[in-house]
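Visitor: Now for the letters of each chain:
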Amino acid sequence: MAIKTEPFVINIGPVHPSTHGVFRMRATLDGEVIVDLEPVFGYLHRGIEKLAEERTYTGVIPLTDRLDYIASMSNNLAYVLAVEKLAGIAVPERAEYLRVIMAELQRIAAYLVAIGAFLNECGAFFTPFLYMFREREKIIDLFEMVSGQRLLYNYMRVGGVSQDIPEEFLPALGEFLKQMPRFIDEYDRLLKQNEILLARAKGIGILTKEKAVNCSVSGPVLRASGVKWDIRKADPYSIYDRFEFEIPTGEVGDCYDRYRVRIEEMRQSLRIIEQAMEQIPSGAVKSEVPHLIRPPVGEAYAHIEAPKGELGFYLVSDNSIAPYRCHIRAPSLMNLTALREMVIGWKIQDAIIIFGSIDITVGEVDR
Amino acid sequence: MILSLSGKEVAAQLEQQFPGSIIASSENNFLVKSESLLDIAEYLKSSPELDLDYLNHITAVDYYDYFEVVYQLTSIKHNHSLVLKTRCYGRDNPLVPSVVSLWQGADFQEREIYDLMGISFDGHPNLKRIFLWEGFQGYPLRKDYL
Numbered sequence: 001m002a003i004k005t006e007p008f009v010i011n012i013g014p015v016h017p018s019t020h021g022v023f024r025m026r027a028t029l030d031g032e033v034i035v036d037l038e039p040v041f042g043y044l045h046r047g048i049e050k051l052a053e054e055r056t057y058t059g060v061i062p063l064t065d066r067l068d069y070i071a072s073m074s075n076n077l078a079y080v081l082a083v084e085k086l087a088g089i090a091v092p093e094r095a096e097y098l099r100v101i102m103a104e105l106q107r108i109a110a111y112l113v114a115i116g117a118f119l120n121e122c123g124a125f126f127t128p129f130l131y132m133f134r135e136r137e138k139i140i141d142l143f144e145m146v147s148g149q150r151l152l153y154n155y156m157r158v159g160g161v162s163q164d165i166p167e168e169f170l171p172a173l174g175e176f177l178k179q180m181p182r183f184i185d186e187y188d189r190l191l192k193q194n195e196i197l198l199a200r201a202k203g204i205g206i207l208t209k210e211k212a213v214n215c216s217v218s219g220p221v222l223r224a225s226g227v228k229w230d231i232r233k234a235d236p237y238s239i240y241d242r243f244e245f246e247i248p249t250g251e252v253g254d255c256y257d258r259y260r261v262r263i264e265e266m267r268q269s270l271r272i273i274e275q276a277m278e279q280i281p282s283g284a285v286k287s288e289v290p291h292l293i294r295p296p297v298g299e300a301y302a303h304i305e306a307p308k309g310e311l312g313f314y315l316v317s318d319n320s321i322a323p324y325r326c327h328i329r330a331p332s333l334m335n336l337t338a339l340r341e342m343v344i345g346w347k348i349q350d351a352i353i354i355f356g357s358i359d360i361t362v363g364e365v366d367r
Numbered sequence: 368m369i370l371s372l373s374g375k376e377v378a379a380q381l382e383q384q385f386p387g388s389i390i391a392s393s394e395n396n397f398l399v400k401s402e403s404l405l406d407i408a409e410y411l412k413s414s415p416e417l418d419l420d421y422l423n424h425i426t427a428v429d430y431y432d433y434f435e436v437v438y439q440l441t442s443i444k445h446n447h448s449l450v451l452k453t454r455c456y457g458r459d460n461p462l463v464p465s466v467v468s469l470w471q472g473a474d475f476q477e478r479e480i481y482d483l484m485g486i487s488f489d490g491h492p493n494l495k496r497i498f499l500w501e502g503f504q505g506y507p508l509r510k511d512y513l
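Quick mapping for you: the protein sequence lines, in order, are chains A and B.
Residues 1 to 367, numbered by the working numbering, are exactly what the first sequence covers, in order.
Residues 368 to 513, numbered by the working numbering, are exactly what the second sequence covers, in order.
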């Protein structure tokens, strides 16, 4: 005779170490197995889209820092690209290269956090996390050199970047580029064949190709499902068409593939930075842009490949000094669309790993 | 580069399939009647030469007289994109058909628009507030809020 069971509702979060911020999941369990899951948002909702309507175009840049706060440079870039598209502003060559260097450094820094937190949730408690943060610290130091900030950089401007890099930046970056591949190899050697990681991540939380596309999933999660889609290649913004790099993809779309894709992408980012460092010209870093930008009436959508996925800004202008509407296409929110179906049928400890492998930042989910 | 399909050309093609459903078209986008939105969206997704299988984002803009709902679609296979728009009138209960049955990625975004802009999506499986709490009064992203 089968044992009679009853569904049981358990609340994960909003304040829980595995939720990367204040995010809540209402899971319905049958024994240990998840039968339903509802993500609950809004604990960090600050109304950034509404606030943007009250600020000048330049004044919105610090708000974008606070979206995905562990990848502020990428947010800056997506926003300024949208304003430049809307107002038709050109960017000096040197600024384009600086933007690419910063965006790729930011990608590495964000992936280090993602991988560190993911391994934490797999049970490799804090040791890999600490190693990852050791390297992330070097990137933060580089950012501090250029912007004076360590988390919310507010570095990019419409028409360029806020200031040129100091002369010690490029040598420090060169040193970082020399060290980093060795560290990535080290993580890889430690973890690629790690018994615990394989047992807990391989074959868990499979997201099929079709489902990923249908759910508007983007970034490393989409690529891990085997879709070769990277906006840097598909729709090269800035000067990404000048660089050589590969798009790593996964095969089955499980947690392990998502982890592998991030590791491989860090290597590709280093390649891009190396090429950008060789080619970077001298010159101005900001074009002449009026303090109060009044773009012509119209709308523009600009998107970039941010560490979490496709980050886009949809701006509507009514020829005033503030955006009429500023919509943010947040990859973290969209990537969670598939979460429910990814965790159903798995045990509760797997759900934590699946959620960790998606890698969200709540600041971007709730905005 | 993602090729932006001309709204005019696609609209001309659709006009034969769905006569009278297209209100306006320009180079960048085209505007359809909200009643025929779902049929057109289904055609855009399933037509082999368009194959717009990826929904980048949905958003809504308040123009006082009407709300405009904007759909940005991309085809991963053909690497082209298209912007589709529809309008809904009235501030008490503006209604647009839901596209969740076609693109599941619309789920949270339609809830977000319902929550912040107050537009209802007909046919959405779980239409309730997403960021604000149940019982919150008003829709903050509307231009007449505050």
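In short, the hints are calculated from the structure, not lab data.
Heads up, some of the hints might be wrong.
From the structure, some residues in chain A lie toward chain B, with a derived Cβ separation under 7 Å [as the list claims (entries may be wrong)]: (1) 15; (2) 18; (3) 41; (4) 43; (5) 50; (6) 318.
The beta-carbon is built from N, C-alpha and C at its ideal position, and this holds for glycine as well.
Visitor: With reference to the structure, classify each hint as holding or not holding.
Guide: Hints versus structure:
| no. | hint | verdict |
| --- | --- | --- |
| 1 | 15 | violated (17 Å) |
| 2 | 18 | violated (21 Å) |
| 3 | 41 | holds (5 Å) |
| 4 | 43 | violated (9 Å) |
| 5 | 50 | holds (6 Å) |
| 6 | 318 | violated (10 Å) |
Of the hints listed earlier, those the structure fails to meet are numbers 1, 2, 4, 6, in rising order.
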